[in-house]
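Participant: Chains as they are written, first to last, in my numbering: chain A, 1 to 113; chain B, 1001 to 1114.
Treat the hints loosely; a few may be bogus.
[To be verified] Okay, the calculated beta carbon distance ranges per label pair:
id, chain 1, residue 1, chain 2, residue 2, range
1, A, R51, B, S1073, 27 to 33 angstroms
2, A, E60, B, N1030, 26 to 32 angstroms
3, A, R51, B, G1016, 45 to 51 angstroms
[To be verified] Pulled a few chain B residues facing chain A out of the computed Cβ check, cut under 8 angstroms:
id, residue
4, G1042
5, L1045
6, R1099
7, D1100
8, G1106
9, D1107
10, G1108
[What the hints assert, rightly or not] Far from chain A, some chain B residues (derived; all Cβ distances over 12 angstroms):
id, residue
11, G1016
12, S1027
13, V1053
14, P1061
15, P1084
16, S1112
17, L1114
These are calculated hints, taken from the structure and not from any lab test. Where is the CB? At the ideal position from N, CA and C, for every residue including glycine.
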Amino acid sequence: SQKIEQNSEALNIQEGKTATLTCNYTNYSPAYLQWYRQDPGRGPVFLLLIRENEKEKRKERLKVTFDTTLKQSLFHITASQPADSATYLCALPASGGSYIPTFGRGTSLIVHP
Amino acid sequence: DAGVIQSPRHEVTEMGQEVTLRCKPISGHNSLFWYRQTMMRGLELLIYFNNNVPIDDSGMPEDRFSAKMPNASFSTLKIQPSEPRDSAVYFCASSAGDRDQPQHFGDGTRLSIL
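Chain A with its partners taken away, still in its complex shape (with noise of 0.2 angstroms):
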């Protein structure tokens, strides 16, 4: 099955710089990849979806990139702001034959004033 690689360690960055936070993972090439954000005592938010023949998505100040060679997922927040802190994680289908997802651990960004 699929493992999926999130940093651990929180992201801390400055306001106003970019974030880029980094899904990598194993094994064959998913169909799609989602984005999803959550927040302290709340359930994932779905962000963004990516499909295996776009190589870049955005959507406001959210931009992911997606390079099926690198088997690697790169999300972007441009001019972050302290309320994009949050846990980011990534989802994709968890074997070659299906589309429902797992998801990665997760990767905490901090966003600092």
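Could you slot chain B onto chain A? The hints should help.
Facilitator: Structure of chain B alone, referenced to chain A:
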């Protein structure tokens, strides 16, 4: 529109007791998922329903866990008997399909087994 609604938000009980967690998915969504989240293991899929039918329950840890979906607007996850190692946050999520559709999560039930 109401999102996914879970109850209770918090549950504290003694080991050996039966625990029932409840979920109301978003109206019109035909897929429902139960997850468990812990610091050690992250977010784990327990069971997945499509059109009220259990499709994949390979994530259910053992026979003490059971889940039902008697209709499109209600699901339960039951643990009997409960054990301290079951302590976790349990999430329910629904989606409009089983493909690449986004999952909509409830705010979870924080379960503590003493």
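Participant: All hints, please: hold or fail.
Facilitator: Evaluation of the provided hints:
1. About 31 angstroms separates the C-beta atoms of A/R51 and B/S1073, a value consistent with the hinted range of 27 to 33 angstroms.
2. Checking the proposed 26 to 32 angstroms range against A/E60 and B/N1030 shows it holds: the Cβ atoms sit about 29 angstroms from each other.
3. Under the hint 45 to 51 angstroms, the C-beta atoms of A/R51 and B/G1016, about 47 angstroms apart, fit the expected range.
4. Nearest Cβ of chain A to the Cβ of B/G1042: about 4 angstroms, under the 8 angstroms cut. The hint holds.
5. Interface restraint check for B/L1045: the shortest CB-CB distance to chain A comes to about 7 angstroms, inside 8 angstroms, so the restraint holds.
6. Because the beta carbon of B/R1099 sits about 5 angstroms from the nearest beta carbon in chain A, less than 8 angstroms, this interface hint is met.
7. For B/D1100, the interface hint holds, the least distance from its beta-carbon to any beta-carbon of chain A being 4 angstroms, beneath 8 angstroms.
8. With 8 angstroms as the threshold, the beta carbon of B/G1106 comes within range of chain A, its nearest partner Cβ sitting at about 5 angstroms, so the hint holds.
9. Interface restraint check: B/D1107 against chain A, minimum CB-CB distance 5 angstroms, threshold 8 angstroms, status holds.
10. Interface hint status for B/G1108: upheld, as the beta-carbon distance to the closest one in chain A is roughly 6 angstroms, under 8 angstroms.
11. The non-interface label for B/G1016 is consistent with chain A: the shortest C-beta to C-beta separation is roughly 28 angstroms, beyond 12 angstroms.
12. Non-interface call for B/S1027 relative to chain A: holds, since the shortest CB-CB distance, roughly 18 angstroms, exceeds 12 angstroms.
13. The beta carbon of B/V1053 is kept farther than 12 angstroms from every beta carbon of chain A, the shortest such distance being approximately 14 angstroms.
14. The non-interface label for B/P1061 is consistent with chain A: the shortest C-beta to C-beta separation is roughly 16 angstroms, beyond 12 angstroms.
15. For B/P1084, the condition that its CB be more than 12 angstroms from all CB atoms of chain A holds, with the nearest at approximately 22 angstroms.
16. At roughly 14 angstroms from the closest C-beta of chain A, the C-beta of B/S1112 stays outside 12 angstroms, upholding its exclusion from the interface.
17. Interface exclusion of B/L1114 from chain A stands, the closest Cβ pair being 21 angstroms apart, more than 12 angstroms.
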